[in-house]
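Line order of the protein sequences matches chains A and B. Straight run, no breaks: the first sequence in this note's numbering ends on number 190. Straight run, no breaks: the second sequence in this note's numbering ends on number 542.
If you're looking for bench data, these hints aren't it; they were derived computationally from the structure. Since this is a predicted model, take the numbers as computed values, not measurements. Cβ atoms here follow ideal geometry from the backbone N, Cα and C, with glycine treated the same way. Don't take each hint at face value.
As the list claims (entries may be wrong) - One-sided and incomplete, this derived list gives chain A residues near chain B with beta-carbon spacing under 8 Å:
(1) I77
(2) A108
(3) S114
(4) Q118
Said to hold, decoys possible - Over the 12 Å line for every Cβ pair with chain A, so calculated as not near, a few chain B residues:
(5) A227
(6) P231
(7) G251
(8) V253
(9) D265
(10) W294
(11) P342
(12) T351
(13) L403
(14) P415
Unchecked claim - Quick list of the computed label-pair ranges, beta carbon to beta carbon:
(15) P161/A / G504/B: 32 to 40 Å
(16) A152/A / P285/B: 50 to 58 Å
(17) A129/A / S444/B: 39 to 47 Å
(18) A86/A / A227/B: 54 to 62 Å
(19) L133/A / G287/B: 51 to 59 Å
(20) G341/B / G158/A: 52 to 60 Å
(21) E178/A / G257/B: 46 to 54 Å
(22) Q98/A / P231/B: 36 to 44 Å
(23) A227/B / L167/A: 24 to 32 Å
(24) A261/B / L167/A: 44 to 52 Å
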Amino acid sequence: MTRSRLPVWLCALALCLGGCGGGGAHRTTRRRASRQARALAEAEAKHEYPSPTPPAQRAPGQLTAVGAITAFARRYINWDAQDVSAQMSDLARASIGQARSEMTLAAAETRTDSTLQQGGIANRGSVEAVAPLAGGSERYVVVTREATTASASSAYAGLAPAWHLTLATVTEIGPPAERRWVLSAWQPQN
Amino acid sequence: MMAGIVIATLAAAAFTALDQATGGSECPSGAGAAAIALGPPGTGQTVGATEYGGPGDPSSGEVGASGVNLARDPDSYAELGGYTFATADAMGGLPYGTPLRITWGQRSAIAYKQDIGLGGGPIDGYPRVIDLWWELAGRLRIPYEDGQWSGPVRVQRTPPTGAGGTLGQTASAAAAESGLPASGGLASGAGGSCFSLADSALPLIPGDRATLLPSGLAAAPSDAPSAVKRMIAAGNQIVGKPYVYGGGHGLPLSEIAPSYDCSSSVDHILYGDGLLPAASTPTSGELESFGLPGPGRWVTLYANADHVFMYVAGLRWDTWNAAGPGDGSTGIGWHPLVRDADGFMPRHPVGL
């Protein structure tokens, strides 16, 4: 029975597709033109051409916001000229949003930064405090104490370890049963 | 007084030509010290420096304007140019804690801004912009001369530190690379900075005559009207500013200018009591018709087409010949001596 009805179904489908094809292409062109016109009008008004929504970013997270920030911060402040690019790439993969963009950019720049390489520059530090900002908008202030050194240059000679402050934003992602916190913005202030 | 407030010599000589567009001041031309703009890290420059503090200079105290105890944090320097944080901007108005690499001879050290001071004229032809805490000077092997040493040193921004700074992800790192002040303030010479009399703590003395303090500031007489005290406070705001012909003109009086000439500095004082609108900077010739004719009880202007000076509670506010004819000084400030007023039109504000 299945065999006898299959050709009919296929014929119906073929007819339908055939019938839709020409007219459908025409409508598609019109829709595309209309979409472009709307986009151009929006660009005229907002000076920004609308782009499609990017796919959702995914990253492994931590069970707590403070845990996510602390883990990120430790890696961000401890590196040397040899591994800084790889570290930043790892941090990009472990974050989303602005933080991912920043770390991706840092990874690309440090990969070819001859000053870092020739100077033998390294950064070491510790995370001293992570505290939520007033307002409860998933924003935190991160206090680190860091020392920057250069094994092949005197540029940093004599500079004492200094306090640094960063604003961090975290976002909870994942299905309800597996919620995790990830860094979504990392903004060093000094 | 804060440790970094040094006694201003109020003398300035020409080392830079500042040709400011002005509203036509009629003051005698002079020369003045100017601030410097620190370049990016790695581009040091030679500047005039002094030292302060130590056993031979007990008046400086041991607490910097930042609140730091300089005896405990001896790697400290003062940025010169004024007696408030806003006006001591000879290096662009660096935030407290800003490290600089300072080099004298073959030795260099990192020091942190913890203080401010007035400064004065150039040193060996270099603008006087920095005062070194005496123990820092000692580390550089600068001879201790009871806080009186002066000479050229080389100053240089340090590179940004920390991961954010090194990777160029902070605003301050970007500013340091560009050579602009990280605080967002205007460097001297680029414009003025806003001021408020509320920022200043006016020293008071008993009686009805103002007194010149060793710092170059004036102490206001406690018996004087509030208007007089406000004018003295306004004068104190700009004591030690370099004299530049045409300086201060073209900027609102509500702002502290990088430099002043005779009329703009008198305008600033009059504005301090609201006797001039902020947008007005009359020249010395125009001040010949200010207020009422004749000397006043508290305030008298002496103006002619070429120059203007004034007395406030007995203390002379002037821009040249500070200690009498021929003393060579050209700065802005209070002066204890009277001067010949022949050829000048005396005027006074109504009620004063």
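Next item on the list: Decide, holds or violated, for the assertion that all CB atoms of chain A are farther than 12 Å from the CB of W294/B.
Entry: 14 Å, holds
Item checked: Interface exclusion of G251/B relative to chain A, criterion Cβ beyond 12 Å -> For G251/B, whose nearest Cβ neighbour in chain A is about 24 Å away, the distance exceeds 12 Å, so it holds.
Item checked: Consistency of the no-contact label for A227/B, given chain A and a CB cut of 12 Å -> 21 Å, holds
Next item on the list: With respect to the beta-carbon atoms only, verify the hint that A129/A and S444/B lie 39 to 47 Å apart.
Entry: 40 Å, holds
Notebook entry, point to check: Beyond 12 Å from chain A, beta-carbon-wise, is L403/B?
Noted result: 36 Å, holds
Notebook entry, point to check: Does the claim that T351/B lies off the interface hold, with its Cβ farther than 12 Å from every Cβ of chain A?
Noted result: 4 Å, violated
Check: That 51 to 59 Å hint for L133/A and G287/B (C-beta), does it hold up?
Finding: Once the Cβ atoms are compared, 23 Å apart, the range 51 to 59 Å for G287/B and L133/A is violated.
Checklist line | Pairwise beta carbon distance, A261/B to L167/A, judged against the given window 44 to 52 Å | finding: Violated: the Cβ-Cβ distance is about 36 Å, outside 44 to 52 Å.
Item checked: Non-interface label on D265/B, tested against every C-beta of chain A at 12 Å -> D265/B not clear of chain A: closest Cβ-Cβ about 8 Å, inside 12 Å.
Margin query: Quick check on a hinted range of 46 to 54 Å for E178/A and G257/B, using CB atoms only.
Written below: Taking Cβ atoms as reference, E178/A and G257/B lie about 50 Å apart, which means the hint holds.
Next item on the list: Using the beta carbons of Q98/A and P231/B, state whether their distance is inside 36 to 44 Å or not.
Entry: About 27 Å separates the Cβ atoms of Q98/A and P231/B, which means 36 to 44 Å is violated.
Item checked: Check on P342/B being off the interface with chain A, judged by Cβ distance over 12 Å -> 21 Å, holds
Of the hints listed earlier, those the structure fails to meet are numbers 2, 3, 4, 6, 9, 12, 15, 16, 18, 19, 20, 22, 24, in rising order.
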